[in-house]
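Assemble chains C, F and S onto chain H, guided by the hints.
Protein chains: 4
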Amino acid sequence: MLRYWTAGESHGKTLLAVVDGFPAGIEIDTDSIDYDLRMRQGGYGRGGRQKIETDKVELLTGVWKNVSMGSPVTLQVINRDYKLEKLKELERPRPGHGDLTGAVKFLGSIRNVLERSSARETAVRVAAGALAKQILAEFQIECIGFVDELGGHQIHRQAGDIQQWRTLREQSEVYSLNPEQDPEIKQLIDQAEEQGDTLGGILEVHISGLPFGLGTHAQWDRKLDGRIAQAVMAVQAIKGVEIGLGFEAARRPGSQVHDPITYDADKKDTPSLGFERPTNNAGGLEAGMTNGQSLVVRAAKKPISTLRQPLESINLDTKQADTASYERSDVCAVSAAAIIIENVVAFEVAVAFCEKFGNDSISEMKARYDLFQQMAQQR
Amino acid sequence: MLRYWTAGESHGKTLLAVVDGFPAGIEIDTDSIDYDLRMRQGGYGRGGRQKIETDKVELLTGVWKNVSMGSPVTLQVINRDYKLEKLKELERPRPGHGDLTGAVKFLGSIRNVLERSSARETAVRVAAGALAKQILAEFQIECIGFVDELGGHQIHRQAGDIQQWRTLREQSEVYSLNPEQDPEIKQLIDQAEEQGDTLGGILEVHISGLPFGLGTHAQWDRKLDGRIAQAVMAVQAIKGVEIGLGFEAARRPGSQVHDPITYDADKKDTPSLGFERPTNNAGGLEAGMTNGQSLVVRAAKKPISTLRQPLESINLDTKQADTASYERSDVCAVSAAAIIIENVVAFEVAVAFCEKFGNDSISEMKARYDLFQQMAQQR
Amino acid sequence: MLRYWTAGESHGKTLLAVVDGFPAGIEIDTDSIDYDLRMRQGGYGRGGRQKIETDKVELLTGVWKNVSMGSPVTLQVINRDYKLEKLKELERPRPGHGDLTGAVKFLGSIRNVLERSSARETAVRVAAGALAKQILAEFQIECIGFVDELGGHQIHRQAGDIQQWRTLREQSEVYSLNPEQDPEIKQLIDQAEEQGDTLGGILEVHISGLPFGLGTHAQWDRKLDGRIAQAVMAVQAIKGVEIGLGFEAARRPGSQVHDPITYDADKKDTPSLGFERPTNNAGGLEAGMTNGQSLVVRAAKKPISTLRQPLESINLDTKQADTASYERSDVCAVSAAAIIIENVVAFEVAVAFCEKFGNDSISEMKARYDLFQQMAQQR
Amino acid sequence: MLRYWTAGESHGKTLLAVVDGFPAGIEIDTDSIDYDLRMRQGGYGRGGRQKIETDKVELLTGVWKNVSMGSPVTLQVINRDYKLEKLKELERPRPGHGDLTGAVKFLGSIRNVLERSSARETAVRVAAGALAKQILAEFQIECIGFVDELGGHQIHRQAGDIQQWRTLREQSEVYSLNPEQDPEIKQLIDQAEEQGDTLGGILEVHISGLPFGLGTHAQWDRKLDGRIAQAVMAVQAIKGVEIGLGFEAARRPGSQVHDPITYDADKKDTPSLGFERPTNNAGGLEAGMTNGQSLVVRAAKKPISTLRQPLESINLDTKQADTASYERSDVCAVSAAAIIIENVVAFEVAVAFCEKFGNDSISEMKARYDLFQQMAQQR
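Protein chains in written order, with the working numbering: chain H, 116 to 494; chain C, 116 to 494; chain F, 116 to 494; chain S, 116 to 494.
Simulated from the structure, these hints should not be mistaken for lab results.
The reader is advised that the hints may include incorrect statements.
Any copy will do: because identical chains look the same in the list, a pair fits if it lies in one copy or spans two.
Here are the simulated BS3-like cross-link-like pairs (lysine-lysine), alpha carbons at most 25 Å apart as the crow flies [as the list claims (entries may be wrong)]:
no.	residue 1	residue 2
1	Lys-171	Lys-382
2	Lys-128	Lys-201
3	Lys-128	Lys-203
4	Lys-434	Lys-203
5	Lys-434	Lys-382
6	Lys-481	Lys-180
7	Lys-180	Lys-198
8	Lys-481	Lys-383
9	Lys-383	Lys-434
10	Lys-434	Lys-171
11	Lys-198	Lys-171
12	Lys-180	Lys-383
13	Lys-128	Lys-171
14	Lys-434	Lys-301
15	Lys-171	Lys-383
16	Lys-201	Lys-180
17	Lys-481	Lys-301
18	Lys-203	Lys-180
19	Lys-301	Lys-203
Keep in mind it's a predicted model, so treat the numbers as computed, not measured.
This is chain H alone, in the form it adopts within the complex (with noise of 0.2 Å):
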């Protein structure tokens, strides 16, 4: 069993994710990881905290000789801004955030609320996704977050295989598939920022190269992608989830949703067993398993709850009109938001996917890979 919890604040010492069931024999490539978390910092419309941070991950636990001993492996990145044993209280509910519900819920402060729920912890999520990922890449499974629409404007993206779209994304200062379009879309933006206001967008995640049957249909509570929406919804600031086409799918009658199976021999070797689909609406999954066919996910991320125009508030001990408490923050975060989505998304499927091949070791995951696409040929 592959899972994962995060502790950490905001401004506190340090953020940690301990995973446990990571499978022994992994060499773990703290770069991939290093890299998820820049790119977490980056992306146009950052603020300050962005430049003082510059997130590494140390690997405190289940590592021998880098490689991975089956123990748990605890992912710690470090805030430099650690100042919350200096920081006041709150007054001033932020709407958006859980300083309200929080404050209430738990008889107590804002500053206790706000310290944890704050999209700072996605950075340990982030690790963790990049550490699952790593089992993933052991079988090529491949996979990309990226922004389809940012503010209301929607990007065209280029085609391209995985390997071409990171690179695409690596061009793009908003994190699309398509560079050429930064500029309109850094220009929204610039307009917010000049507004004293906020963007939010959507996100779309692919993961290429799954095998058949991660999930299954039997009990509601572990079908993957009931899971995956859990993991996504989980993500601060987001408010919709879809896979394959989503709502879309239930705008189009059911000729025009459902995907046509193909059989073709010359790709059984392939993770699909050459059961080809020339449409992939479903998005990967049908009755809550892999079909062969690559995952896709999307998610629409709100704007970020801090406005430096601030909203309508009030003062908590009072209960008078105010306005909402600020503190630093940036005025678009999607891009970020792609980075989370995508290692959200990779460790459930990594869950999944220990979970049919088990995780005790690499060596015998692989051997068993390798017998169930033979078995599974011959079915």
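This is chains C, F and S only, laid out in the frame that chain H set:
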């Protein structure tokens, strides 16, 4: 810890839901469960099976003299159309169903998978949710699910509170909040039927009367938004989930998304504790916790995967191209989905409610609810 | 993930166990489940209820043409002695039962609690374990539970393997491995009955043929020794659990406790892989993982809490001193407990087995088992 | 839901415990955690490592101005003896350890397994338990673990309450409740050391001041006795667990086991609510729920598996007979185990306490505790 699992096949003897952690001391209203079961079977566009089944719940365990005992409650819905032992294997997997994914994953038969992945199973998810709503009802928390869009056709809901909406839903053959639009919607469904096609749609759930503080921000897997998203996406045929504004939130600037906070001392004895929000774009959840406003969840249901005009598929034994198998099915089950989504969301809310207020006995829960409202007022 | 829960009251309509995650493709042998159910009802010293009930399992879900489908399997045992609706509340809590604890915790009736906490519920725990043993049987893993001590009287087991022990257990009216001692044990029970008293005893379970590596050392809640201890201690009336030497291990020096490791190439194709141990003081578990030797678990069952010569208690309404209520009961159920403990231990072993080898289909599990044995030989 | 996991290797950089669901508003007393850490390192018979380490806890997350925030609390204990990167693989598995089981299961190195399965990990289990005891302390619930038997030598405890016992334990170099017996016990340990052997023993934990109703009878995996047994048996080197009379309960007739119920109105404002029991053979648990009496748990610890006079083993690479590897170790760690068992039991009790009374804020928990006592008195 309130939790549930289901068991049972589409054409098996029986369907069961075991609800563990249901509080003691609640007088069970089976009529209201049967009402939801009947609603799930109805709606314009259903096929022959719904005429065979007249689902009624039977409480097998956990109840003494019609009052809950604190033991697991088992809800049974008998399949009148029990014929599993006589049924044959399918050869041509139906696109959109789990036929292919499951046959490969389990290295076995399509029948094994379709019998369990069938939406027939949602009968007992509805029963479990309808039972959980009886906890919520003790606290004047009310729920409704309705059809907001069908086959790409937007329905313009009439204004009202949940009670009034329920009356409207009763009057609508498609379970919308605008019975006057029924004729156009029914015509859409009739057309699809003529063409051997199927239709999907968009469902919306509202839950009112919720107190502050259900769910928590503190760990990703305990956030209520994530747990609701899982429950919804794990329903058969659902491909998208939104909370509050959902994807629309990604398209607006922050100033038009976040809900201002005001205080109205006259309402301090209501679940909102006087913290009023002129808008509810957050859909009642901030940082994964309820904020005293109504919960609003939306789901996208794809069209039914079984088409009378079958899709392109293969024979799984010979790998030769063929049309998909056909098993008796509906043209449109969007109305049913409104009931299903209402109930799976209600169940998760009840889970979070029991986490906050306990689940030993309803008398203790009520006293604690009052205690929390008092303490929260004085925070 | 193999898991199960039960539902049902002592005098309710029915008892149920839902077994989720049971692999597809196993032909179910209900006779062997019924055998264990019958054994659970037998043993010298049982009272009137066992004459009323003749437990037989019914498979309600998860099976097609008698073969498991990969869906949840529901096991039902009907209560012939269904009379819950006619029963009355108890007033005088019986020491040793949950009567007092539950009535206070749930702020409610004693009846509510006793109906669920009754050992009658173990019928379906036995059924679940007997089902799980059918997974183990596919791998020549064999289980037995027997009485090692009764009423303080040690029974001297005869030598043999599990098959021979099963024959001995069949011949013993008290389910010991020495039928010749039956007369003295039965006399003990008869004496207790005459005195209106009850007797407890010590059970032992052996499971042979286990491969290496079930369970893991890596996280406290995944260690197999802990999980077995939970399953055993959670059985009604159990107050102690031992693995291998158990408490005796605490009394010997290390040189007389730890099992030397030898290697016998002739046995490298057996589950032990050739790693032989001249002793098995560890009871088959080192660091929470199976070590290729037989699993040995022992449990202490206290005497039945319901005494015909009732204990001192109070009237819960008046708080006045009184004797405890009496409901029909047995004098000694130690033999039954041998069957129960065998089955709850077997279930946990099957859980760990499915964690190691997967639980999609028995064909894939078998191929993986062989694969692991090969890879492990070459380690 | 209060829960915890640990991470870290014996000779790695650090050991960590993440405690999730810890209530907000508790002022953390790190001294008391350090006290338990120091005690865990002490006791007569320890070896060289304990001189190197002087464990102190560091709170990495979840605390603001020394008060818990409702976020996950991370407890860190740094390994001064960090040298993992310089260590070599072992070749000759040590009987009693996970060396052989783990190397086979993970198809990998012995070092990987021993580093994680080492009892060094219990440092942070102790820290987690010591933190959890600070919840219990808010409700005047007190805990002690002590050595009852060592190397087969029974120690005759002096009478007293938990406070007095704690003083006695302080005075005893072996953490017994009879410092006067220390000389004979120390002599036993000295003898074992001379012989290159090791000793085990029996630990006992008492927790007083517990309210009614922690745990539940309603589902097997929620019973408190089972959960405690898991926590205890999952501790390194534990081979047996008892609650109350334990195995002795199996040897007495029922009339001498079950604890009569009396009522003393003068004590109705105490945790027992006035329901007194002249004996406490049940050890505070009936039907998996606390009954207002002290919890009594016993555990059997086997002797340390690493012997200076090594056991017979093999070279795992050559399969040739050889003696087991030796890594620096203690002669007797029974005293340490008393502290460990105290803390793992305390953690499970705190989990059940939070289930009953919630875990959002300590202020709400206290109000609910009082509310329950009132309601329970009037039942």
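Tested hints:
no.	hint	in the structure
1	Lys-171 with Lys-382	neither (40 Å within a copy, 49 Å between copies)
2	Lys-128 with Lys-201	within (12 Å within a copy, 29 Å between copies)
3	Lys-128 with Lys-203	within (16 Å within a copy, 33 Å between copies)
4	Lys-434 with Lys-203	within (19 Å within a copy, 54 Å between copies)
5	Lys-434 with Lys-382	between (66 Å within a copy, 13 Å between copies)
6	Lys-481 with Lys-180	within (22 Å within a copy, 34 Å between copies)
7	Lys-180 with Lys-198	between (34 Å within a copy, 11 Å between copies)
8	Lys-481 with Lys-383	both (18 Å within a copy, 23 Å between copies)
9	Lys-383 with Lys-434	between (67 Å within a copy, 11 Å between copies)
10	Lys-434 with Lys-171	neither (42 Å within a copy, 44 Å between copies)
11	Lys-198 with Lys-171	both (19 Å within a copy, 23 Å between copies)
12	Lys-180 with Lys-383	neither (38 Å within a copy, 31 Å between copies)
13	Lys-128 with Lys-171	both (14 Å within a copy, 17 Å between copies)
14	Lys-434 with Lys-301	neither (39 Å within a copy, 51 Å between copies)
15	Lys-171 with Lys-383	neither (41 Å within a copy, 47 Å between copies)
16	Lys-201 with Lys-180	between (39 Å within a copy, 9 Å between copies)
17	Lys-481 with Lys-301	neither (44 Å within a copy, 53 Å between copies)
18	Lys-203 with Lys-180	between (43 Å within a copy, 10 Å between copies)
19	Lys-301 with Lys-203	neither (34 Å within a copy, 54 Å between copies)
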